[in-house]
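Protein sequences, first through last, are from chains X, U, B and G.
Taking the numbering used here, I'd label the letters of the first sequence as residues 11 to 325.
Taking the numbering used here, I'd label the letters of the second sequence as residues 11 to 325.
Taking the numbering used here, I'd label the letters of the third sequence as residues 11 to 325.
Taking the numbering used here, I'd label the letters of the fourth sequence as residues 11 to 325.
In short, the hints are calculated from the structure, not lab data.
Misleading hints may appear alongside valid ones.
Copies of the same chain are indistinguishable here, so a pair counts whether it falls within one copy or spans any two.
[Stated by the list, open to error] For lysine to aspartate or glutamate, the following DMTMM-like pairs were computed, each having C-alpha atoms within a straight-line distance of at most 20 Å:
no., residue 1, residue 2
1, 307, 226
2, 316, 170
3, 160, 73
4, 158, 81
Predicted, not measured: the structure shown is a model, and the values here were computed from it.
Here is how the chains run, residue by residue.
4 protein chains.
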Amino acid sequence: GVKMNKKLLVDVDCGVDDAQAIMLALGDPSVQILGITCVHGNTTVENVCKNVLRVLQACRKLEIPVFKGADKPILGTSISVGNFHGQDGLGDAPDASAPGLDLLQRENAVSALIRIVDENPGEVSLVAMGPLTNLALAVRMDPSLPGKLKGLYIMGGNTESRGNASVCAEFNFAADPEAAFVVLNDYQCPTHLSCWEFTCYSQLPWEFCDAWLGQDSDKARFMTKIFHHSMEEAKNESLQDVCLGCTGFISCDSYAMAAAVDESFITETDRYPVSVELTGTHTRGMMIVDTSGFLKKTHKASIMKKLKGCFQPTV
Amino acid sequence: GVKMNKKLLVDVDCGVDDAQAIMLALGDPSVQILGITCVHGNTTVENVCKNVLRVLQACRKLEIPVFKGADKPILGTSISVGNFHGQDGLGDAPDASAPGLDLLQRENAVSALIRIVDENPGEVSLVAMGPLTNLALAVRMDPSLPGKLKGLYIMGGNTESRGNASVCAEFNFAADPEAAFVVLNDYQCPTHLSCWEFTCYSQLPWEFCDAWLGQDSDKARFMTKIFHHSMEEAKNESLQDVCLGCTGFISCDSYAMAAAVDESFITETDRYPVSVELTGTHTRGMMIVDTSGFLKKTHKASIMKKLKGCFQPTV
Amino acid sequence: GVKMNKKLLVDVDCGVDDAQAIMLALGDPSVQILGITCVHGNTTVENVCKNVLRVLQACRKLEIPVFKGADKPILGTSISVGNFHGQDGLGDAPDASAPGLDLLQRENAVSALIRIVDENPGEVSLVAMGPLTNLALAVRMDPSLPGKLKGLYIMGGNTESRGNASVCAEFNFAADPEAAFVVLNDYQCPTHLSCWEFTCYSQLPWEFCDAWLGQDSDKARFMTKIFHHSMEEAKNESLQDVCLGCTGFISCDSYAMAAAVDESFITETDRYPVSVELTGTHTRGMMIVDTSGFLKKTHKASIMKKLKGCFQPTV
Amino acid sequence: GVKMNKKLLVDVDCGVDDAQAIMLALGDPSVQILGITCVHGNTTVENVCKNVLRVLQACRKLEIPVFKGADKPILGTSISVGNFHGQDGLGDAPDASAPGLDLLQRENAVSALIRIVDENPGEVSLVAMGPLTNLALAVRMDPSLPGKLKGLYIMGGNTESRGNASVCAEFNFAADPEAAFVVLNDYQCPTHLSCWEFTCYSQLPWEFCDAWLGQDSDKARFMTKIFHHSMEEAKNESLQDVCLGCTGFISCDSYAMAAAVDESFITETDRYPVSVELTGTHTRGMMIVDTSGFLKKTHKASIMKKLKGCFQPTV
Ligand SMILES: [Ca+2]
Ligand SMILES: [Ca+2]
Ligand SMILES: [Ca+2]
Ligand SMILES: [Ca+2]
């Protein structure tokens, strides 16, 4: 039989790209997803929970436990979310047979995070693809958590002060800067960052998307359905400005997941101390990359720079 | 028999004045303390736990459950603590027969807060006498918590921009400004604030302290022992500057507790919307009192202004 | 003949209360006004210049030189001004025979400030009743300026975190926080502050205003005319909230001027180091009063606390 | 005769690279330097004045007027300066025959800036190679100044959040962030920026420096003398970290000057709205590049990206 040797715990604000990333992981027989924790972000945490259950249903994996987490950022004040992923976060393509919220676990996402990692010390790769609220709460509840992780993979932040949520801040960090600060400073485990500019420069060509979605399978049909809205949005010109001139499709969350699933996927990284700006007028939520040692920090994060060949997730 | 009709849940960073406040509550037969949650602040959270157990032992109340909570503020960066309460937070007067940390509950303080309030809906008065980290984490874990409280009593903040931890910030708020912000904005329950300037103006005369501590009882002897250090510190001149010129003793935490135990204790209050400054150079952690409606907030806190007669806690 | 032994230089953003203050000074035969410098604030700097010329014309003192100064705060971004003083800053009571701007001096206000003080070393009391932009530019152009002043009298700032332009900031400081910071930190001369709360607590009873304005003189008629608008505004309820509950009329700028004209006018002051918060979310522009020595500054300002009897300016 | 058709006004904090840039301009017969204004920065403004006079003496151009400007940034609080340019800003290589400060003009630098531009409307290229204090004061004194400039060339700021004075800020902007903010927002004239990362990527190879300095001329000998200190510093490893890994010599100020002297020198630019962060914990002084239109500004600056061939200034 297949050896399932990669234990993942996945934290999502399930928009379309989170869905793609989850499907990417589910498609790899060597991966075991121990649980999916939900957090506010692209849409309300209730919608996020619904979306995750829909993805699992489409992939016939409803046995994976799903947990509801924070409904707001640490400070409680949400930033405005655009309509890129649709109002429901999943392309506004409703499904009458979608599973109900009664399928959620009763345990809180933060408690589940702490428990699952504690039950699998040194084995869990935590993949965070939304605002980092749940992770920040978890480490403040249990400071020993990061030391028990195998690794942490984050989609979020930026490296050259280019933003998509504000002039200098990427959405996941901007949506909860305090949480991002806590995670980058308190998770002293191997940390892998897939930042905004990297995902822009690593976009998929549109032709590839078309081929991908044209496959004849339930999963491909589900993907096509939820994907339609954001593909239209992404072809919009002003958005391509935000995406640093790129002319392909960005599946932001997929890179962090791909790296967690197969570390050979990333072929070049930078290693620097990082932090998050909390108080700037234009820079609140911006990631700080300390290339010169100004911050006197010892822990360094791995910042993804190049990936292997053309990125082709198999759903 | 005595009717125990006042259910209190107490959150402390157990310095000397927290100890006095706990003893004040234990001395009132109508009060039932459902639990004591510990938080970093005057000293490490480990010391806080030890101190609480010592107080309970001195009062022969070790049956009250004690829970360990956050060891750091939300952002993880502690401010420096002076030596007012001694290095161990309780006057550096060690006790060989002090109870061990094995008497602590295994449940996390934040989880306990959520559970106990949930088990006693509408009945619990929560008295917070340290940095508000545990309370902030609790409301982010369970947004329904504040709605189940009878009332919230806080020692912290300031009303006229006078500070003791920095030029404009009071210690409990300065020690975790983000937590104070969350609590003042997300706890939409009846909220009673005992602020820094109020405690300065409401100080006890030294003669009173002397009489109080001279009583012949185990509790009075314990109090005398732990109190010695801070009485010496408090007579120091530069400290009296910080305390706005007062020449008596300030038992900061006792006012919030006294108000929770007996609401007739407070004879005059202001009711205003309040918040916390998070980003100022000199004002980070300062409480904002919105007397003119600039903040467009609807929830108002009760700010203690005057108390009944001379405050004489019975230990 | 009368000995004119008090040399004043007056910096204004000439609203109604600036006008009152100028008239107060002109009414004292021992005062010599060396010049009036204009700055943005209650209205545009062009309107301020016009208003000053109208005041001087009403008082038959057009020989006093008037200089145009900064049209914007240091950073260039103006705060919104309410309508308290009317759109033109002087009660929107136009005068067909008002003097033209051709009567302005050609010299820039900042250069004039520097020159006039330099020509009268140790003799000039500088009275600032608007945003402090001109004064800040002047000290950066000529660092020796403050050392040549006899004294500096400022209407601005606050002492207990109550604001009228924002929740925690007084208008003159809020309108140019950087300038206020520069002046409080770089003018190391005798500095006298008439702050917002002080002017609120020292308001004139309405009866007094009525008597004052009822006098039979050109000046009183001019005053009545320009005063009508703000008296109506001041009786408004929500404004009385901002004014800390006072029910009389506040002529903010008059207290600083009165103190400059007759120092016995102020009977009680506090002396503390002061500064200005530049970066707070709610506190930008708030004055910092360092009662406990946190800031490690040596220079102290005199903060007006009580004034002699009932304040009755003679116009 | 040579037609001197390029009128330059130069603002410097004369370190070694400012000296190189001045010599570069003096070496071009088509350039007329109308004046050199001095500002605090690499060293005290008094040292800057002395250094400029030494450069002019070495080039036999003492007829060019030199003006003393601001001795402090707008807010008055200087950042610490490293020792890269030596204590005196010019390599600590004193010269017994250096000209005295009596050669300075009596007119203030800010007044001179305003006057000279006013006398040559539409003709002056202003080249700023230090903190922008003088330029900010000038526009606040005379808002019409920028409209009379032919162009503005600035060495300062950064484009990808890499800093040399702090983790995210370049020295000239970090040394007076408010001034940089004012200049980038209020100088609505053609603006050309030579930013930190650009100068790092455009460094000169060491061999080139050696050849340059080996020439047999008074000017080359002067250059060699003042240059020795910073060449030693620049070979230092930790500094090369700050300089983004470059292994050649960076003459920061020379690129802005070269572009002002010969616009064909720059072969590729970006045009974006820009501003400056004033309030961040890590980002104060960082330049904001608004590639996506978040700031809603209409004025765009030209940001230098590539230069023609190998940059070889002729001294
Ligand atoms: Ca996501
Ligand atoms: Ca306490
Ligand atoms: Ca005024
Ligand atoms: Ca320079």
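Item to check | Homomeric proximity label, residue 160 with residue 73: Cα distance no greater than 20 Å | outcome: Classified as neither: same-chain Cα gap 24 Å, cross-chain 40 Å, threshold 20 Å.
Next on the checklist: Within, between, both or neither: how does the pair residue 316, residue 170 come out at a Cα-Cα threshold of 20 Å?
Outcome noted: both (15 Å within a copy, 18 Å between copies)
Next on the checklist: Please sort residue 158 with residue 81 into within, between, both or neither, judging by C-alpha distance up to 20 Å.
Outcome noted: between (26 Å within a copy, 18 Å between copies)
Next on the checklist: With identical chains, the pair residue 307 and residue 226 could be close in the same copy or across copies; at 20 Å between alpha carbons, which is it: within, between, both, or neither?
Outcome noted: neither (51 Å within a copy, 48 Å between copies)
When held up to the earlier numbered hints, the structure conflicts with 1, 3 and fits the remainder.
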